[in-house]
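Take each chain as given, in its own frame, and dock them per the hints.
From first to last, the protein sequence lines stand for chains A and B. Just add 58 to wherever you are in the first sequence, counting from 1, and you've got our numbering. Just add 55 to wherever you are in the second sequence, counting from 1, and you've got our numbering.
Since the hints were made in silico from the structure, they are not lab data. It cannot be assumed that every hint is accurate.
To be verified - In silico negatives: residues of chain A with every beta carbon more than 10 Å from chain B:
hint, residue
1, 72
2, 85
3, 104
4, 123
5, 125
6, 157
7, 170
8, 195
9, 217
Said to hold, decoys possible - Derived pair list, reagent style EDC-like, types lysine to aspartate or glutamate, alpha-carbon separation capped at 16 Å:
hint, chain 1, residue 1, chain 2, residue 2
10, B, 196, B, 246
11, B, 116, A, 203
12, B, 80, B, 182
13, A, 166, B, 157
14, B, 158, B, 129
15, B, 158, B, 188
16, A, 244, A, 203
17, A, 168, A, 187
18, B, 164, B, 188
19, B, 153, A, 164
20, B, 116, A, 270
21, A, 184, A, 169
22, A, 152, B, 88
23, A, 87, A, 137
24, B, 107, A, 242
25, A, 168, A, 197
26, A, 152, B, 130
27, B, 153, A, 161
28, A, 263, A, 231
29, B, 195, B, 144
30, A, 257, A, 242
31, B, 107, B, 88
32, A, 244, A, 191
33, A, 182, A, 169
34, B, 164, B, 247
35, A, 113, B, 182
36, A, 166, A, 198
Even for Gly, the Cβ is constructed at its ideal location relative to N, Cα and C.
Below, each chain spelled out in residue letters.
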Amino acid sequence: MEEKQSEVKLFGTWASGYCTRVVLALKAKGIPYRYIEEDLKNKSELFLRYNPVHKKVPLLLHNGRPVSESLIILEYIDEYWNHSPKILPDDPYKRAKVRFWADFYDRKLKEGTVAIMTSRGKEKEKAIEGFLELLKVFEEGIAKDFPEKLTFSNSQPLDFLDIIVGSSACNYEAYNEAVAVVVDPKRNPLFFQWMTALKECPLMKESLPPHDKLVAKMKSFQSRSV
Amino acid sequence: MEEVKLHGAWPSPFSYRIIWALQLKGIPYEYVEEDLSNKSSLLLQYNPVHRKIPVFLHGGKPVCESMVILEYIEEVWPNNPLLPNDPNERAVARFWAKFADDKGLSMWKMFRTEGNEQEKARTECQEMLRQLEEHWPAGKKFFGGGSIGMVDIALGGVAHWLPVIEEIVGVNILDPLAFPKLLKWIYNFKEEPIIKQNLPDQNEMFLFLKKQREILFLSP
Numbered sequence: 059m060e061e062k063q064s065e066v067k068l069f070g071t072w073a074s075g076y077c078t079r080v081v082l083a084l085k086a087k088g089i090p091y092r093y094i095e096e097d098l099k100n101k102s103e104l105f106l107r108y109n110p111v112h113k114k115v116p117l118l119l120h121n122g123r124p125v126s127e128s129l130i131i132l133e134y135i136d137e138y139w140n141h142s143p144k145i146l147p148d149d150p151y152k153r154a155k156v157r158f159w160a161d162f163y164d165r166k167l168k169e170g171t172v173a174i175m176t177s178r179g180k181e182k183e184k185a186i187e188g189f190l191e192l193l194k195v196f197e198e199g200i201a202k203d204f205p206e207k208l209t210f211s212n213s214q215p216l217d218f219l220d221i222i223v224g225s226s227a228c229n230y231e232a233y234n235e236a237v238a239v240v241v242d243p244k245r246n247p248l249f250f251q252w253m254t255a256l257k258e259c260p261l262m263k264e265s266l267p268p269h270d271k272l273v274a275k276m277k278s279f280q281s282r283s284v
Numbered sequence: 056m057e058e059v060k061l062h063g064a065w066p067s068p069f070s071y072r073i074i075w076a077l078q079l080k081g082i083p084y085e086y087v088e089e090d091l092s093n094k095s096s097l098l099l100q101y102n103p104v105h106r107k108i109p110v111f112l113h114g115g116k117p118v119c120e121s122m123v124i125l126e127y128i129e130e131v132w133p134n135n136p137l138l139p140n141d142p143n144e145r146a147v148a149r150f151w152a153k154f155a156d157d158k159g160l161s162m163w164k165m166f167r168t169e170g171n172e173q174e175k176a177r178t179e180c181q182e183m184l185r186q187l188e189e190h191w192p193a194g195k196k197f198f199g200g201g202s203i204g205m206v207d208i209a210l211g212g213v214a215h216w217l218p219v220i221e222e223i224v225g226v227n228i229l230d231p232l233a234f235p236k237l238l239k240w241i242y243n244f245k246e247e248p249i250i251k252q253n254l255p256d257q258n259e260m261f262l263f264l265k266k267q268r269e270i271l272f273l274s275p
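Extracted from the complex, chain B is given alone in its bound form (with noise of 0.2 Å):
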């Protein structure tokens, strides 16, 4: 088998998902930390254009954008699949797992932001909840059915990163009377074993990002 890498930064839901793809299917592979201030010269060659994690290589080859890192992934090796295999299914799937990828950046707006801008994200993370609350399928554990998929890793930043972001900025956004399923789903999908072993200590980000906040209030 070709060699597998991938860089990442361990403070990022984003590099996230590419883990717990590849533990789910059971893919080896080499990881390398990136210091997101001091960004690798190979990091910079391999992903010239947007500049950032994840990066994916295949064999040498570089895949960017974790969505479709994920995507390639399911590809190249279909065991264990992330995504149902009816065509309409799967278009469905694909509308979550991006509606998760887009509106999701509206917490780390709230982190990055004060006054009227956060309280912009603040309404649109909510409004976010509210849609996959209202439309969250019936019965099922996880979004992709009893295992988890493509949706639940995109949405794995809501589970473990919003409560860290909600503490740092003062709100309080996941209640669970609101949101009684998406809470459940939290717990089940925190509770997956190699969901569980594959997660950064919420602690440690918790310092990480206060510090972070802090520094971009503090640059002129």
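One chain only, chain A, in its complex shape (with noise of 0.2 Å):
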């Protein structure tokens, strides 16, 4: 494996999921990289100048040269360190059906759990239902797409979906304490079958955030959105 010389650095925040993505890709390939836990209520000066358009993490900044977005970071991170394991499949199809799925994901399924977080009684209650349509329309396609997901093993290296999902996905038990109980093994039991046997994956195990922490600051963003 050709060593490519390069100064990798992450901007990240430790609750965001779409930061822990990146630090699974990173870390399923084996690239060396400095995490900066950047404060969003005062973001540092580097920060901006990288990313000026959203100004949102993560931010990759390899050789001084900036990638943001998150499904974009990863592409990238797959496409420079080309050495396996790969996180995107090799036939156009299934890259195509991977992305169709990651688009899903974050379109509707995680604004819909921020719609939950931010709604009271009966919206509340609406934006569940509605989300949880969606989760079996997601379940179903993944079902359909990518059976193997379903008998998903530690000895599997980590994908594009794994890491897209699993990164927030497999925060279930903190969303659910915290907020609503969305992913539940009667309704979903596919999806809860995967994201269980994900959660165990060593890899995401010390990637994915402390479990209380996470509790806190869901149930603080939640009441500070009324």
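Have a look at this one:
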């Protein structure tokens, strides 16, 4: 394996699933990097200089060149360090499928979890029902296109969908406790099975934020967004 | 070569993104016009999740979501590339393509709403144009450089559909004084032969969208 001389910095925040995605990808590929915890209430000059448009985490700085947006960062990592394990499949049709489901997850499900957190009473119930319907669609889609996810085992390397979904959904216990029960083995047994197995993967275990700290953070976010 | 088909709809900029990519790469394809008020059972079979056009079929296998389709086309037919070679430059292009795709929805929100909601959408739209103008790569005819690339394709809606929406809702956002680089790009983009030959008639579009907006605000 060719050793590529490079300096990699990751600006992130500990609670952000989007940042965990990049951590997982870098670790999975064995890429050394320096992590910088960014204070979102007091963003550093360096961070703003390299990320002027959205000013959001994660931001990857590779030999001084910035890359932002978690999905784009993952594709970049897989392209630049194109040794195995590969994060995206080689076949273009399979790549289209993972990109399709990653887009669905981010636009529909991730947004859905925020909608639940920022609503109350009847609105919250409606948001939860809406979310669960979308989760069903996602679950059925993954079962059809990537049935191997349903028998995920620790010996498999993490791929694009494991990273995209697991980086937030593996924290379901914290979300269930702090906000609402949305990952339930009775309603979504296949998804639950995938996440439960993924959660036990050593790389995932060491990269996810601590449960209690995350619960407190989610509760605080919820109460602030009345 | 395996059969290539595109299910699209003539008023949709998302449909045209795929047409432009196929034409720029010289890929022969069969086009199927979908009536969005009466979607074909085939479309619903190929895209059960979103039930939307465009749907791209290669050897009978469907690919959905216009930006996903563009990446697929780029990978299967790498001639006349829409993305740069260098991984960092590719990441920058993907960033702006996603930006155009996400923020471009504000013009459609502006079209579908009125009052405060419309004002909010208008502000978002203006902010999108402001960011593009500010970060436009210096001295380049297209975002892709000398030739049209993925970002230009993603921005096609701003070039040809936004002026029609502006007229219908009665706003003026594409101000040449505020956005000189963008307006220059719009001109260059629409003059490019392949684009020029593949654009819906603006008058027809005006009539169609005007009717759509009337229907929207008639419904109880």
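Hints numbered earlier in the text: which of these fail when held up against the supplied structure?
Of the numbered hints given earlier, those the structure breaks are 4, 5, 6, 8, 12, 14, 16, 18, 20, 22, 24 and 34, listed in rising order.
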